[in-house]
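J.: So the chains spell out like this:
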Amino acid sequence: MARAALPGRLTWQLVSVVDLVEETSRTKSLVLARPDWPGGYRSGQHVDVRLTAEDGYQVQRSYSIASAPEDDHLVLTVERLDDGEVSPYLVDVLQPGDELELRGPIGGYFVWEESLGGPLVLIGGGSGVVPLRSMLRHWSGTDRSVAVRLVYSVRRLSEVIYHDELLGYGALDGVDIRFALTREWPDDWQGRRGRIDRALLEDVGGPPSAKPRVYVCGPNAFVESAAGWLVEAGHDPSRIRTERFGPTGT
Amino acid sequence: MSPVSRGFLGHRRPVADPSRLPPGQYLETGFPVLSAGPTPHTPLDEWSFLISGEVDEPVSWPWKEFLELPSEQVTVDIHCVTKWSKFDTHWKGVSVDTLFEHINSEAAYLTAWCDGGYTTNLPREHVTDGKAWVAYEYDGQPLHPEHGGPARLLVPHLYFWKSAKWVRGLTLTVDDEPGFWENYGYHNLGDPWLEQRYQGD
Amino acid sequence: MEPLDGNAIAGDLFEHFGNEMTTATGACATCGTVSVIAELTVYMRAPGAVVRCRHCGNVVIVLVHIAGAIRVNTDRFQLAAAELA
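Protein chains in written order, with this note's numbering: chain A, 1 to 250; chain B, 1 to 201; chain C, 1 to 85.
Treat the hints with care, since some could be wrong.
[Claimed, not checked] Pair ranges (Cβ atoms, derived):
#	chain 1	residue 1	chain 2	residue 2	range
1	C	Glu2	B	Ala108	57 to 63 Å
2	A	Trp189	C	Glu2	24 to 30 Å
3	B	Asn183	C	Gly18	33 to 39 Å
4	A	Gly174	B	Leu44	55 to 61 Å
5	A	Ala199	B	Asp176	55 to 61 Å
6	C	Val34	A	Asp173	36 to 42 Å
7	B	Asp176	A	Ser25	50 to 56 Å
8	B	Ala108	C	Cys31	24 to 30 Å
9	B	Glu101	A	Glu232	26 to 32 Å
10	A	Ser238	B	Asn104	39 to 45 Å
Bear in mind the hints are in silico, worked out from the structure with no lab data behind them. Built from N, CA and C at the ideal position, the CB exists for glycine as well.
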């Protein structure tokens, strides 16, 4: 069995932290120098990040890439988990000038690029929006002939990551951006109040005959119900790609 | 070794008494939950504990009878092969010595088997003479399902994968028969003081 | 304890097989359900990763880190020969 040895791929390398951007009170984007990856990467892929303490203790976590392949920097958006071991370090301790060890790009299943076509349907729960944002950024750099629809479910408006950027896409032709606020919403909120349901998904999914490319990302239960409803509504399971997020530390 | 990540410490805490920490371990203040599958939820009126295999007569106890067996409160240190250790954990359960009073067997080994299909193997001498319990309370409360409730095996002198969660019985065996993790390369015995994490250690 | 999916072990699988494996197809040895690795159920919080068939729940793949090396057992997941090329 031949090992696909692509230089620079899946080998651990150090990248510099260029900037840190607070997205919400609990999430921060890490703006990193572009890694040495011949062939670049694809929207939807992720990296593994590895931290090493002075005594050699190591931990590793996966983070979806938030930037588009065409962007100048590699961006990861990290949500601080209160009892996390890695995320509090990345969000609270890491500084511009530090170096981060990572390997990638990883993943060949949960990816979208312009050549795959559309309509493009993106369904995200919580930090599941991160790889979908990479797809949107990539889309915006194309000739934008593909229709794109996003529904993004979060607890409250203050937790919407990339809020202004997403609304900016929503103002473009052929783009439909919706937020579903599940716990709290402003009194004058015109969008979805409460969790996504099958009817909303059917609306966003559109007719199965249009054969959309669907990407669902978020916690396990969210992905299970969203993907399940779309299949029940007649969408081709092979055109629905899923990625489940969750804490992986012990 | 990889370069050090400036300022990264992780969850570890300083150890007051290093002689209690086996080689390669770190002290953990939480109680991490590790699992190879979904948490089973066997109703207590369907639960029973069975000792069988190389025994003259198998013996089993339904839940209510199990709770009526003589029990012990123990405080022990526990050590996970994923490198965390936790000191002074409090449990209540039935000593395996008490359970073995009810059987006749010459067998030298046993396999613990569990709801959800997990198994682990142990030499009989490592679960007798006050070394092991079937525990159903942790820290004064009924054992939570995610930590193995209603009952788990507790064998604190070995790595904690031997303390099988959701245990339903022990099968006495003539030969040592590797269980789940042992079959995938983990050590047959798992003594943390000899750092027996993997086969060949 | 929420499980993840095969995407979560993509990096380790690549390291072991030398190839992107999340799109690799195989059949559960217990129930025969065919799936891509990305869609299998993965329990990460263990002394290793335990991968189960989403249909019947039985173990199909086990991944362990032993002495710094990654070992992947796919005995219960019948990968198409082409996937391993």
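J.: Evaluate each hint against the coordinates.
T.: Evaluation of the provided hints:
Between Glu2(C) and Ala108(B) the C-beta distance comes to about 40 Å, which lies outside the given range of 57 to 63 Å. Between Trp189(A) and Glu2(C) the CB atoms are about 28 Å apart, so this pair conforms to the stated range of 24 to 30 Å. Between Asn183(B) and Gly18(C) the Cβ separation comes to about 25 Å, which falls outside the hinted range of 33 to 39 Å. Here the CB-CB span from Gly174(A) to Leu44(B) is close to 57 Å, well matched to the stated 55 to 61 Å.
Hint check: Ala199(A) to Asp176(B), Cβ distance near 58 Å, so the stated range 55 to 61 Å holds. A C-beta distance of roughly 40 Å is found between Val34(C) and Asp173(A), which places it inside the suggested range of 36 to 42 Å. The beta-carbon spacing between Asp176(B) and Ser25(A), approximately 54 Å, falls within the hinted interval of 50 to 56 Å. Here the CB-CB span from Ala108(B) to Cys31(C) is close to 37 Å, at odds with the stated 24 to 30 Å.
Restraint check, Glu101(B) to Glu232(A): a C-beta distance of roughly 56 Å breaks the suggested window 26 to 32 Å. Distance hint for Ser238(A) and Asn104(B): a CB-CB separation of about 59 Å, inconsistent with the stated range 39 to 45 Å.
When the structure is compared with the earlier hints, violations turn up for hints 1, 3, 8, 9, 10 and for no others.
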